[in-house]
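Chemist: Spelled out, the chains give:
Protein chains: 2
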Amino acid sequence: MNDGLPKSSNGTTPLTVAAFFKQLGTRADRLPKRLKQCADFIAANPDRVAVSTVAELAEAAGLQPSAVMRFCKEMGFEGFSQMQKLFRSDYAQNWPDYPTRLAQLRDHGTDSPSALLAEFVDVGRASLENLLATIEPVSLQQAVDVLVRADTIHMVGFRRAFPVTAYLAYAFEKMSVPAMLHSGVANINMQPLIRPKDAVIAITFSPYTQMTLDIASEARKAGASLVAITDVVTSPLAKLKATHLLVSELDVGAFRSLSASLSLSIALAVAVGTQRNKAQGTHDG
Amino acid sequence: MNDGLPKSSNGTTPLTVAAFFKQLGTRADRLPKRLKQCADFIAANPDRVAVSTVAELAEAAGLQPSAVMRFCKEMGFEGFSQMQKLFRSDYAQNWPDYPTRLAQLRDHGTDSPSALLAEFVDVGRASLENLLATIEPVSLQQAVDVLVRADTIHMVGFRRAFPVTAYLAYAFEKMSVPAMLHSGVANINMQPLIRPKDAVIAITFSPYTQMTLDIASEARKAGASLVAITDVVTSPLAKLKATHLLVSELDVGAFRSLSASLSLSIALAVAVGTQRNKAQGTHDG
DNA sequence: CCCGGATTAGAATAAAAATTCCAAAATCAT
DNA sequence: ATGATTTTGGAATTTTTATTCTAATCCGGG
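Protein chains in written order, with numbering that gives the first Met the number 0: chain C, 0 to 284; chain L, 0 to 284.
Keep in mind the hints are simulated off the structure, nothing from the lab. If you're wondering where the values come from, they're calculated on a predicted model, not measured in any experiment. Think of the CB as a built atom: it goes at the ideal place given N, C-alpha and C, for glycine as much as any other residue. Do not rely on the hints blindly, as some may be mistaken.
[As the list claims (entries may be wrong)] If you want the footprint, here are the derived chain C segments under chain L, 3+ residues with CB under 8 Å:
#1 116-128
#2 133-140
#3 159-173
#4 206-220
#5 227-234
#6 238-251
[To be verified] Pulled from the structure, derived: some chain C residues nowhere near chain L, Cβ distances all over 10 Å:
#7 L23
#8 V53
#9 R69
#10 Q81
#11 P177
Required output: the full structure, derived from the provided sequences and hints.
Modeler: Shown next as C-alpha cells:
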C-alpha cells in the first residue's frame, strides 16, 4: 500500500530556493493551519532555515518539530535535512567547488573557449559579489586616509598581482597623484626610495611573493605607512601591523579572477585621487 | 590536575567573528601544522563554518574531524558547536542580498570610498554580463586557433590595456607558452622580433594608443597573424584585417572597469595554453 | 450531538553529529 | 642517537538532532 512516496504533495522536489518559494506561493493558502504557520515563518525568515535545527525553527515559529517535518514532506522533500541542504547550497553560491568543476572542464568543456569564458565570467561575478559582502567600509576609509596623507605612494606587487599595481599606476598618473610603481625592471632595488612619510600599497595573494613581503616589512621598519591588499587574515602581509583589505578571488583551475582586486584597487585610487586633488585645490586657492 | 580549562589558548572566547579573525591573524603561524591548515581553510572559507558539520569541514580542508575540534579548543571555544554558533549568528546579519548590500554601501555618502566601490563593483558586473552576451563564440574560436598555430605570441597594449597584457604574460608563462610582452622598457623597439609565423595580441581602447596601432599594422605587413581586442567595430584596430574581439566596458567617471577585458583575455589564454600543451603532448608521445 | 476523516502534540525511536580518548608518529632538546 | 613532549589519526563514546509513531484533538456534515 505505502510506496514511500510523499503523501499529498505534488511530488516534485524543488531544486532551487526560488522554485521552493514559487511553489510555496501557490500552495500556502490551501495548507492546514499549522503548516500555513510554518510556511509563513519560513517565508519571513528564509535565512534561518540554513542555520537552524528543526527544534530551533519550530520553537521560533511557535510550533512542534513534527509540524515542521510535516511541512517539509508536504513541500516535496524527504525530510527537514533535505530541505536544509537546499537552503545551505543556495547560500553557498560562492563555494561550488571549483576544483571539481575544473576537472569537469578538463574532461569535456575545454574544447570550447566559449564555455571557458562563461566560466571565468561567472567566477568574476561571484568574486565581485563576495567583495561587496566582505569589505569593511571602515578599513577602506582608513586605507584612503593613509594614502591621502602620504607624500609619495609606492605600489608593490608581482606576478599575478602585477596587473593590479600596473592599473593603480595608470589611475594615479591620470589623477596626477605622485605614485611609483615598483616594477623590478633592471633588478634595481627601489626600496631605499621609500621615505618615512611615504605610503606603500603592497599586494600579494597565496602563494605569497617573497619580494613583496620583504619590501613591505622593510617599508614598515623605515617608518612608512602600509596598505596591504591580500586574501586572508592569515596572510603574512596581514600580520605586518598595517591597514589591510581582504579580497578573496575565486579561481578556475590555476587561474584566479582579478575582477575583485581590480575593482577594489580602482575604487581606492579614485577615492584617494579625488580627496588629494580636492585638498590641493582648496590649499592653492 | 586537569581543571577542565582550555589547554594552551589565551583562554578568552572570541565574542564576534571579527575578534575571532583578529586572534587568528596573530596566532596562526605559531600553530602546529594541522591546526594551521585548519586556520587557513577557515580564513579562506569563513562562510562554510556556519553551514557545515565538523565532518564536512574537515573533509573539505583535507583533515580529520578531531583536528578541527582541537582547533576550536585552541581558539578558546568549548568545541565546534560553540564556534559554529558564533558564525551562525554573524551569518544572519550578512544576509542582505546583492541589491540591498549595494544600496547600503552607497548610502555611506556620495563620494565615500564604499560608495565608489559599490559603483565599480556594479559596473564590473554589468560589463561581465554584457561580455557574455556579445562575444561571438566563432570569433573566439578563431582567435584561439590563430594563437595555437603561432610560433611565438606577442602581446601589445599600453596604458589602460597594459594590466591586461601583463596578466596574459603571467598566464602564458605559467602554461609554458612562448609569449613576449612588449612593455616599452628602455624604449627598445621590439617590432623586428615579430616573425611571419608569430601572432600578435593587440589591445587598445578609445582613445587608442598610437604605438599599439603602429605595432599591430607593422606586424600585419610583416605577415604575422593578429588578434585584436578592442572596444568597437570602428576602432582602428578592428579595421586591420584581423580576428577581432570586441569588449565594451562601462565606466565610472573617467575610469573604465577592466573586468570584462581581463576575463576575456584569461579565457583566451587558458584555451590556447590547454590546446597547445595537448598538441605538444600528443606530438611528443 | 455524534461520527469519520484530517490534523496535531508530544513522546519514542532511529540516525547523525559532536566530542573524547588513546595509541602511533613526529618533533625537539639533549 | 635517545628519551621526553607534542602532535596526529582514527575509532569509540556520548550527545544532539531528525524522524516516526500514536493517541488525542479538531472540525465539518448528518
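Chemist: At least three residues with a C-beta closer than 8 Å to a C-beta of chain L: is that true for the stretch 206-220 of chain C?
Modeler: Answer violated; 0 residues pass the 8 Å Cβ test.
Chemist: Looking at L23(C) again, its CB stays over 10 Å from all of chain L?
Modeler: At roughly 18 Å from the nearest Cβ of chain L, L23(C) sits farther out than 10 Å, so the non-interface label holds.
Chemist: Quick one: work out the minimum CB distance from V53(C) to chain L and report holds if it exceeds 10 Å, violated otherwise.
Modeler: At roughly 15 Å from the nearest Cβ of chain L, V53(C) sits farther out than 10 Å, so the non-interface label holds.
Chemist: Quick one: see if chain L covers the stretch 227-234 of chain C, three-plus residues with Cβ-Cβ under 8 Å.
Modeler: holds (count 4)
Chemist: When you look at the beta carbon of R69(C), is every beta carbon of chain L farther off than 10 Å?
Modeler: holds, 24 Å
Chemist: Please verify that the nearest CB of chain L lies beyond 10 Å from P177(C)'s CB.
Modeler: holds, 18 Å
Chemist: With a cut-off of 8 Å between beta carbons, are at least three residues of the stretch 159-173 of chain C near chain L?
Modeler: holds (count 9)
Chemist: State whether the coverage of the stretch 133-140 of chain C by chain L holds or is violated, taking the criterion as 3 or more residues with Cβ-Cβ distances under 8 Å.
Modeler: holds (count 4)
Chemist: Using C-beta distances, would you say chain L covers the stretch 116-128 of chain C, given that this needs three or more residues below 8 Å?
Modeler: holds (count 9)
Chemist: Check the non-interface label on Q81(C): least C-beta distance to chain L beyond 10 Å or not.
Modeler: Holds, because the least Cβ-Cβ distance between Q81(C) and chain L comes to about 14 Å, which exceeds 10 Å.
Chemist: Are there at least three residues in the stretch 238-251 of chain C whose beta carbon sits under 8 Å from a beta carbon of chain L?
Modeler: holds (count 3)
The structure is inconsistent with hint 4 alone, although it conforms to all the rest.
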